[in-house]
Amino acid sequence: MTPEQIDLVRSSYASLDDARAMASDFYRRLYSIDESARNLFSQDPAVMAEKFAAELSAIVQAIISYDVFSVRLRHLAVRHHAAGVRPRHYRSVGGALMQALAAQLGSGWTPAVESAWRRAYNLVAEIMIAASADLDLRSTASPLLRSEGAKDTAEES
Amino acid sequence: MAVATRWPFVGRHDELDAFAAALADEGCEAFCIYGAPGVGKTRLADECAARAESAGRRVLRVTADRSTEAVPLVAIAHLLPAGSLAELGEGDVKDAVVRARLLHAALGLLSEHTAAAGVPVLVLDDVHRLDASSLTIVDHLLALGAVFGVATIVTGELPPETVTRWWRDERAVRLELTELDQLGVDTLLHVALEGPLEASASAELWDASHGNPLALRELVLGALSRKTLVRQDRPWHLIGPIGATARMHELVRARIGALTDTARAALEPLALCGPLGLNELEAGFGLATLEELERDGLISVQADRRREVVRLAHPMHGEVLKEGLSVLRSRSILLAQANAVEARGGRRREDPIRIATWRLAATGRANPELLLRAARLARFGGDHRRAASLARAAMAGQPTATAGLVLGESLYDLSSFEEAEQVLAKAVELGMGELGMGELAAGERAAGERAAGDDELVRISTVRRRNLFWGCRLDEEAIAAGRTVSSRLASAAARDELITGEAEVLAFGGYPMEALALLGRIDASPPRVDVLSAIPRAAALATIGRTAEAVTTSQRGFQEHLALGDELAIAPAGTHIVNQAWALVEAGRLAEADELGRTWLDRAARERRPLGVAWFGIHLARCAITQGRPSTARQLADRARAAAEAGGYDGLKPIAYSLLAMACGILGDAAASASHALKIDAGARGFGFFDAELALGRAWAMAAAGDVPAARAVLVAAGTGAEQADHLPVAAWLLHDALRLGADDDDVAASLEALAAATDSTLVAVRAGHAAALLGDDAERLSEAADQFEAAGAILLAAEATAATADSARRRQDQRRATALDIRSRELAARCEGAITPGLRKAYRPTPLTTREREIARLAAAGHPSREIAASLFLSVRTVDNHLRRIYEKLGIPGRAGLADALNADQP
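Just so you know, the sequences run in chain order A and B. Sequential numbering from 1 applies to the first sequence in our numbering. Sequential numbering from 1 applies to the second sequence in our numbering.
What the hints contain is simulated information worked out from the structure, not anything from laboratory work. Do not rely on the hints blindly, as some may be mistaken.
Output of the computed footprint for chain B on chain A, the stretches with three or more beta carbons under 8 angstroms from beta carbons of chain B [what the hints assert, rightly or not]: (1) 6 to 12; (2) 78 to 85; (3) 107 to 118; (4) 121 to 135.
Positions of the beta carbon are idealized from the N, C-alpha and C atoms, including for glycine.
Bound-form chain A, shown alone (with noise of 0.2 angstroms):
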């Protein structure tokens, strides 16, 4: 992401009159989109729209440094890859979320906004991905075999 892409994500986002409205918003689209993804949530709705709210306006925040940034995201993928979180459910929370954006931004809602938006996301994603696939190495046991003369990995795990 530029700075100036950073910039407009934080200042779409508080721009926002109503963060936890768009929140539950956002849950509406995504069960629509993607109806296993409600088997991951069992909290009441209000306050998990409270909460994803309030974690979205801190990664907001933290995008412009780094290691407090990616920091939290690991911890935040640690949490939903025990939930059941997948992958493939990175993408139906990215549509859910743009849509929810939109919906609320309305006219704030400009290419050059949309676009910081998808940058931010895929960021996040990508991230948080790469933490939940180190999770899914780390628990397992068999060391790699490789061909005779490659570097034995054995040792490592």
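Since the structure of chain A is already known, use the hints to place chain B on it.
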């Protein structure tokens, strides 16, 4: 190295899903990944293997390379029990018996690696390189379902029939792996470099790599090690050309080395000359060769207007190819192409540039007229560097006034201000000499000659003046420069043009009324003069607060500028947009200013024009501060500062520092604010029209440090001065800020009133209304002012006005209203990115509930009627109701309905 230790793997989730599906499919034997070199096949195969492992499978690898290619079966030796190969001796795998024994042995070993989850996954990297014997065995293993294959095959080389049949016979899934798209590259870079990249760096890396992950990695690592890609004071950006690494050169050489001589020869003109027409290349090298190159992914053919154009698929290849060419060979290729284009008539727009550039590159010389024509075209296309080098060659070959003009202007665009002045001074001399001015009086020259000569002299003077004012910061010399020529001119249009130049210096030098008066003397107005005068006119109008006119003047100026086409001695069209953005900010049309500014800022960043970034950054920062977004303003002002630094535009640094000081001051960062404020006066002189505004930075730095009275004094003095100099909206800004810092002088309010009457800016009007209301303690008008600030998008000002209204209510003993307004003020302030100003600090002073009140409030919020509360607390109903009334007052709510929410909000 500031790069993630393992190069990230992004964007291939569909592919991983496809692999998982193939693995789970019982009828599927293998997953074949096809793709161009460097596209990431091996990495994808590795990640697929990792996925398989986490699903419980064992993973085995077979690597085919030059060492194993020669000796049969060595590559798969590890799939066989120890010693089995030796047993076979000279046996040939084509022999069914030998094959059966090998398979039997392999199957035995493999069954040991078969987990509950399924058979092992066999990674076959570069499977097309596998020796025939190994391939036969692997083929059988796949068919028997003893292993699941993950194969990588490079496109462009014909793989063995066996491999192709895997997917043709529907035994395997074929996946075509393509380059990453721009989104993928952007994310990849951000993760790899662990931080954001500036737009220009991102664009350059995209252009150079075209989404090829290997190229991208090599480019990034190379640029990092050569320290041309840095993250210092700013996000990642390039401070030099990207260049290619030694490894890249190797890879490219290997790829090109494998081509036939004809094919390689076809790439050479593309490397030296850039994209060429398909028809011409075909005539030279034949369609078959070109088709082969296209199949190999080395060239791409695209439609461009009415013809097809061939270009190298990877610009990096061009660099490597050029290096491999001898000087003589390069020269002959370049000359051949130049001759070819000329022979065809050279009618296309960019043809003169190409012919001139190629001849110059080949021999160091070219026809001066051609060079000049090409230089002008290049400049119009925005390629100032090329324009300068062509014009310099022209000037060296044949010094003329025109050549001096083109060169001087290009140098100005490249910020080489001193050299530009030297060249332009010489050009004036040449121009005067060419017309033989020393010998003939003005009236005696032939009319046509006179007009042409005049025009040229005027243009040269205009550029020289512009260079002296904007570049060298020599204001007096700038005014003088035009005057020496003016007295010798014959035509009115020519004199008018010089007038616009002088008006420009006056307007931006801070003398708007003088500028407008001067512009009033223009009577004739050919389109060029109209466009030129729009610049100082819009600027002057914005300065004196005739903002609506300023906006329309700049809009019209822009449109007419575009219609002019290729002109010399004229600023870029974006100059009008800068004026427009400025006027919109002065008008208080903040949302419009922001939208316009951002679009053009992004464009300037993408097109790598630091001057545009600096100007738009400055006006966007001014807008952001007015809107109450100090953090955003700080970033924008910093970008403007960095761009001014990078481009050598010292005259813009004072205002950038002032904005930084102001933004930091509003954020409460006293140390940063003070440090920036010091730099305001440290360097070159700023432009006159910004002079008064610099006081804002100085004042807010003082306020942040705690010296509010001094800040006020600075602002009032600067505001009064600005008013006298006819800088009206700025005067209003300065005086109003003095008010925000506590000035209670009736004169200030009166001045603001007068300013509101003299300008058409809504913002100035609201500032004046606010001032009057504040000093008259008029709660209703204060409330109105707050609403108007909010409507205009000036949220911080709205928050401060609301806080003032709350104070007024408190003074009138209306506690309930005061609290409600305090809450509202806090809500508004929360949208101001952490701003802390004296006007806000007065805002929220919570009046705490007593223990008894809290008890009662909780019960009431839970739904108990007063009767019940009275009973449980042993109080009379009347007492409970009295308590409740006081509670509603303290919380600023009308009644029970808002109680639950108010109590939640009240929690610390």
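How the hints compare with the structure:
1. As drawn, the stretch 6 to 12 of chain A meets chain B at 5 residues by the rule of a beta-carbon pair under 8 angstroms; at three or more, the given contact holds.
2. By the rule of at least three residues with a Cβ nearer than 8 angstroms to a Cβ of chain B, the coverage given for the stretch 78 to 85 of chain A is violated, with 0 such residues.
3. Here the stretch 107 to 118 of chain A counts 3 residues with a CB under 8 angstroms from a CB of chain B, which clears the bar of 3, and the coverage holds.
4. Coverage of the stretch 121 to 135 of chain A by chain B holds. Counting CB-CB distances below 8 angstroms, 7 residues qualify, and the rule asks for three or more.
Of the numbered hints stated above, the single one contradicted by the structure is hint 2.
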